[in-house]
Amino acid sequence: MSVRTYLEAISDGLRDEMRRDRNVILLGEDIAAFGGAFKITRGFVEEFGAERVIDTPISESGFVGAASAAAIEGLRPVVEFQFADFIACAFDQIVNFAAKAHYRWGTPVPVVFRGPAGGGFRGGPFHSQNPEAWFTHVPGLKVVQPSTPYDAKGLLKAAIRDNNPVIYFEHKHLYRRIREDVPDDDYVVPLGVADIKREGRDLTIVTYGAMVHECLAVAERLASQGAQCEVIDLRSLSPLDKDSFLTSVRKTSRALVVYEAHLTGGFGGEVAAIIAEEAFDALDAPVRRVASLDVPVPFAAALEDAVLPNADKIYRAAVDVLEY
Amino acid sequence: MRSITPARDRSAVSEPRETPFLDPALDRLAIRPDQPMAEVELLAMYRAMRMARTFEQKLSALYRQGKIVGAVYLGMGQEAIATGVVSLLQKDDYFSTVARGLAGWFMRGVEPRHVLARWLGKDVPPGHGRELGLFLADLKQYGLAPYHNGSMASWIPSGAGFALAFKYRREPRVYAALTGDGATSPGDFYEGLNFASIHKLPLVVIVENNCFAYSTPNSLQMPVANVADRAPAFNVPADIGFGNDIFEVRRLAQKAIDHARRGNGPYLLEFKTFRQRGHGEHDDMAYVPPDLREFWERRDPIRLFQEYLEGEGGLAAADIAAVDGECRTVIDEAVAYAEGLPAPDPSTVTHRLFAE
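Residue numbers (the numbering used here), protein chains in the order written: chain D, 1 to 324; chain Y, 1001 to 1356.
Among the clues, some could well be false.
[Claimed, not checked] With a straight-line Cα cutoff of 20 Å, these simulated SDA-like cross-link-like pairs (lysine to any residue) come out:
(1) Y/Lys1200 x D/Arg52
(2) Y/Lys1140 x D/Gly106
(3) Y/Lys1167 x D/Arg22
(4) D/Lys157 x Y/Lys1140
(5) D/Lys242 x Y/Lys1140
(6) Y/Lys1140 x D/Gly74
(7) Y/Lys1091 x D/Gly74
Just so you know, these hints were derived from the structure itself, not from any lab.
Can you make the complete structure from the sequences, with help from the hints?
So this is what it looks like as structure tokens:
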């Protein structure tokens, strides 16, 4: 075991897999000598060489198309988007090529797209987005979003070993804030398995990504007031471990869904719909959602804070559900 | 042919023009190889082209009879390009083309009956009814690489990706991406060629310039006269050829393939040609001036090839007629075969979304 930050854990997972399998190569902007905008790949080109750590021109669609094809040909490319926001430039190659190739022709596409996502650090409209719902809507893609160093490393290793395109959203605001003991030995966190980050009997909070930490803070506060929250970290949005939260809701009878992306059309809406369809009889209160306002993520601190969910907003919604 | 050298000389870039229909330096009404070719090789190419033409005439009829639903897209008039390029590929090379390059599929050994079964939506591999007859990918059997969809620019990046894997593994293989003039407008065309050229990847991009992107003429697609005029921006060598002359296609393609296989990076070929049918069979081609159509129909690639074979080529007319007859038989049998196949089982529709 070693204490690792979320960022170091991602880096460790990537390095481990590159040491394990020569088919793992990296493509992205400024990832070689510069080590990446966030330094995830610092030291990689020195260890693995420029043939495996490829600095690309600023051309997301081009290098996503190339990486997807190299995957079909048997390599296991991991693509770094400098910011998850820029994945929009490669949307077509992801949703119309990588996602559909296996269904159309039976060809596996073992490629990972890493997207540093999320707000909270004054990045403004183009460096703060959470675009996971653009991709959970597309059959043929797997989408994950870890919240802890342990999960970050284990999910990345599982994603790289998976034979399908996996979009791996890592939350930038967690990079250097969150640290914990992480095993040095090989392990994976399987895709499609949620994690109960805190057990409780009064309210189920379903969340993922950076909001896991806000929800845990709320659960702590509510515990001191006598209400026990169960915090479910989905970790994987696609495939989705729906039994994790359905089982929990049947126990608590109350559900709150928390996600940092925009409220409308966000993945939490899907979670709420599943709870309504499959656990309606168990509910004692309407399912509530807490998410970002439906506006672009603004730059100024006062504005960004007004848009993003936080512990206070989650706390108020949780109290509403508990008191219904 | 014309060569575009990757020079900084601005005079290499020519202004677009409306006439003539084809650069007189490229135009010809009789074709011949540089060196004599074996009869068996000539007949194999002729067979692929005639098979594609016969297949497409039948496909058009089936569409009009309502036996094929959706739309069909034909490549009549462009058969020489894919045939010529594919005739030069090694067994482990990859290529991609939609069914507009049907003759290339046939040159590679794809069986007409399997293509027809796919147009009819039957339960046949590799798609089992999930994909149109327009698209085919089968790496294992034919080296036909998976690509995106009808956005044909998108397989320049993917071609670069396959080529990247070849280079990474030190395999002397090439990727031939057959695409069209319309595909040179989206950014993917530039992103793919740029990346391939930086890393000297074994990618040959073949642009079949058939005058129109659906209904939009070259003059509204690009501010230069030739797609190849853009190659110097990527430091990629390029040639322009007459795409209805299969011997010219082979001359230029051999040079491009050798260049890429030797590790010198990508090569761009532009072949001037003409789509004798609409974008799809639903398209009446009202946008095509009659004299343009007549000009190109006088230069039909199969007719030019056949005239060479029966003339200078010294083949017996009876041998050519025998191939024509064989093609009709194969296609008739293909229809009977494909119509008799089962449709896919709806209970399988969610299968195979993900790989194991």
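Given the hint that D/Lys157 pairs with Y/Lys1140, test it: the Cα-Cα distance must not exceed 20 Å.
-> Since the Cα atoms of D/Lys157 and Y/Lys1140 sit roughly 28 Å apart, the hinted pair is violated (cutoff 20 Å).
Restraint status (C-alpha distance of Y/Lys1140 to D/Gly106 at most 20 Å) = Since the Cα atoms of Y/Lys1140 and D/Gly106 sit roughly 11 Å apart, the hinted pair holds (cutoff 20 Å).
Satisfaction of hint between D/Gly74 and Y/Lys1140, Cα-Cα up to 20 Å = 13 Å, holds
Would you mind confirming whether the straight-line C-alpha gap from D/Lys242 to Y/Lys1140 stays at or under 20 Å?
-> At roughly 37 Å apart (the allowed maximum being 20 Å), Y/Lys1140 and D/Lys242 break the hint.
Below or equal to 20 Å on CA atoms is what counts here, so check Y/Lys1167 against D/Arg22.
-> 14 Å, holds
Pairwise hint evaluation, D/Gly74 against Y/Lys1091, where the allowed Cα distance is 20 Å at most = Status holds; Cα separation ~18 Å.
Given the hinted pair Y/Lys1200 and D/Arg52, is their alpha-carbon gap at most 20 Å?
-> 15 Å, holds
Going through the hint list in order, the structure does not satisfy hints 4, 5.
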